[in-house]
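K.L.:
The residues making up each chain are set out below.
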Amino acid sequence: MYIIVQQIFFILILATAIWFFVKKISEIRRNIKLGRDEDLNDQPGRRWKNVVLLALGQKKMFKRPLPAILHLFVYAGFIIINVEILEILLDGALGEHRLFAPMLGGLYSFLVGFFEVLAATVLIACVIFLIRRNVTRVKRLNQAELNGWPKNDANLILITEVILMSLFLVMNAADLRLQQLQAEHYTTTEPFWISQHLTGIFGNMQEGGLVAVERICWWLHIVGVLLFMNYLPYSKHLHIVLAFPNAYYTRLAPQGKMKNMPAIQQEVLYMMQPELAPTGGEQPAEPQRFGAKDVQDLSWKYLLDAYSCTECGRCTANCPANMTGKKLSPRKIMMDTRDRLEEVGRNIAKNKEFVDDGKSLVHDYITVEELRACTTCQACVEACPVGIEPLAIIDQLRRYLVMEESNAPQEWNLMSGNIENNMAPWKFSPDDRDQWAVEMSSSGQ
Amino acid sequence: MTIKSMAEYASNGEAPEVLFWVGCAGSFDQRAQRITKAFAQILDKVGVKFAILGKEEMCTGDPARRSGNEFLFQMMAYNNIQVLNGYGIKKIVTACPHCFNVFKNEYPALGGEYEVIHHTTFINQLINEGRIVLKEGGEFKGKRITYHDSCYLGRGNNIYEAPREVLAALDVELVEMKRCKTTGMCCGAGGAQMFKEEEPGNTRVNFERAEEALGTGATVIAANCPFCTTMLTDGVKNQEKEDSVKVMDIAEMVARSLA
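Chains A and B, in that order, are what the protein sequence lines are. The first sequence maps to residues 11 to 455 in the working numbering. The second sequence maps to residues 412 to 670 in the working numbering.
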């Protein structure tokens, strides 16, 4: 009876957790699809290669070896320990205890022992990460755009992982002690590698107390895991899921290439060769906004980028504008894009469709000053371990500013005027363009 | 030497081996003109049959596009492609990584498809083919030299090695800056920043980069881009090191080392 109550309770919690998770994920999916269409299904071979190298292989992480190794511990631990979660879920649903132990025998103890080692490395790595964030205060993890919620988010993730791993280890230690006391239900296994050294923490605790500890740890652990799963979509930690699709859809063209605007290409063509322009008949479709004012004007891929960002700040640490004290931070561009997209998503959830709220990504979230500071050097794109392109968003916002708002510094207006009239960004006579060649010829060089 | 324009080649019914796209900086900026002349001198010396567009050349539209002015970019691109395709140009060499990037990555979608090569890669090929012969013990031999990767050659197009191979052929002692290759720091000129004041900050991008370059103890800062050359020269001046440290384009170094 006692077990059946636990079983029902467990299945209810599990179903609720999955329901909320699926709901939020479908909201995120809807939000991403608010972006403009872009077909990114070409060259699947190269795309899968990026998934393997960037997401699975963490190639770009290893530009900074220390955080890369610590991150690898957490990442490998996370993925592999999930195998253990499978057993925990089945135990919970079926009212079993260590379902796989009798089937796997010695291998079971080996596997759980191995998971324990991973749990310990995850725990240690997370503690070091907490120290880097809060004690040694690594610069890129303590910049202005992280003040408030983003810092709490990061610490919450790390502390949760420390707690979950501790619960897992304490649970196994209590389990081992119960096995030694030959308590009912507690299947005998070999002592696990880490938890066998932890049994001392229980002192002379008797069977009743140990069962309580074991059960509490088991429940807190699995409920914690399910809560954490539901926390993911609200957190920067969502990268553990989205890094994979993001690596698949990341840019394949050279980083120097800026996206073409076929609508303007066409317009210029008709201006230069009016005979090619369509005559009368059907009205051309309502033209899209030039560049991007708000998140809906961006390609869906850049919105996926925003949800994939874990705010590590490698982009910002490599940004020449940021390094020299300008307001621009590529990480903030991504965070702002996500925040605005979430806001638009809430607006849609409330009003059934988007109702103008008088706000936009540019101006209300990202200022003109930030956008102006970009040198388009692509260091942010190069640095991102999961293939995010902050520059692509900056490019689109700049296009909006210049073409829709005529919002450019006076020097850029002069530059454009020179290009248009003198075919060079400076005010030189186009007749002097080959003056250097004339000089070379006449000086007999 | 005489430098012939594409129009002259065409009127004689001839075709050059390659079109030298000079670019606006190389044409008008006094400092960059020296790079242009050095590269032309190399081409002339080794007998590469090249043409320039001369007065028919126009801005590629790169700074317009990067600043957000796509209309102007498309207009410049349309006109340039008309001229280039009109002459049936197949191969372009340029000493400007921004022009290089536009030709290589952005004009093809607009109907301008050419084989494009940056001058440092071209020089490296000429050295490897034995067409450029360098002096034994030239003036850069054994000198401590650092190399600044331009963004649009390096990160933009993954060209890191060709310029370094040229420096190796000059027998220099290459000292890399901490931020080099994929993590190379920008000079501050890209994205049309060259044509406006920087936003408020602690320092200028070119000051910071020049300081890093000077930190290597190099006597020459080698560059591959006329804009980087200008920015770094200003940065070196800011540190009052212009008498002891020179910023030079790789073409200038090679031109001075020709046998």
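There could be a bad hint or two in this list.
[What the hints assert, rightly or not] Derived lysine-lysine pairs resembling PhoX-like cross-links, with alpha carbons at most 25 angstroms apart:
hint: 1; chain 1: B; residue 1: K546; chain 2: B; residue 2: K460
hint: 2; chain 1: A; residue 1: K70; chain 2: B; residue 2: K592
hint: 3; chain 1: A; residue 1: K73; chain 2: B; residue 2: K502
hint: 4; chain 1: B; residue 1: K502; chain 2: A; residue 2: K269
hint: 5; chain 1: B; residue 1: K466; chain 2: B; residue 2: K415
Derived from the structure by calculation, the hints contain no laboratory data. Bear in mind the structure is a predicted one, so any value in this text is a computation, not a measurement.
K.L.:
Can you list which hints this structure breaks, lowest number first?
P.N.:
Going through the list in order, the structure violates hint 3 alone and respects the others.
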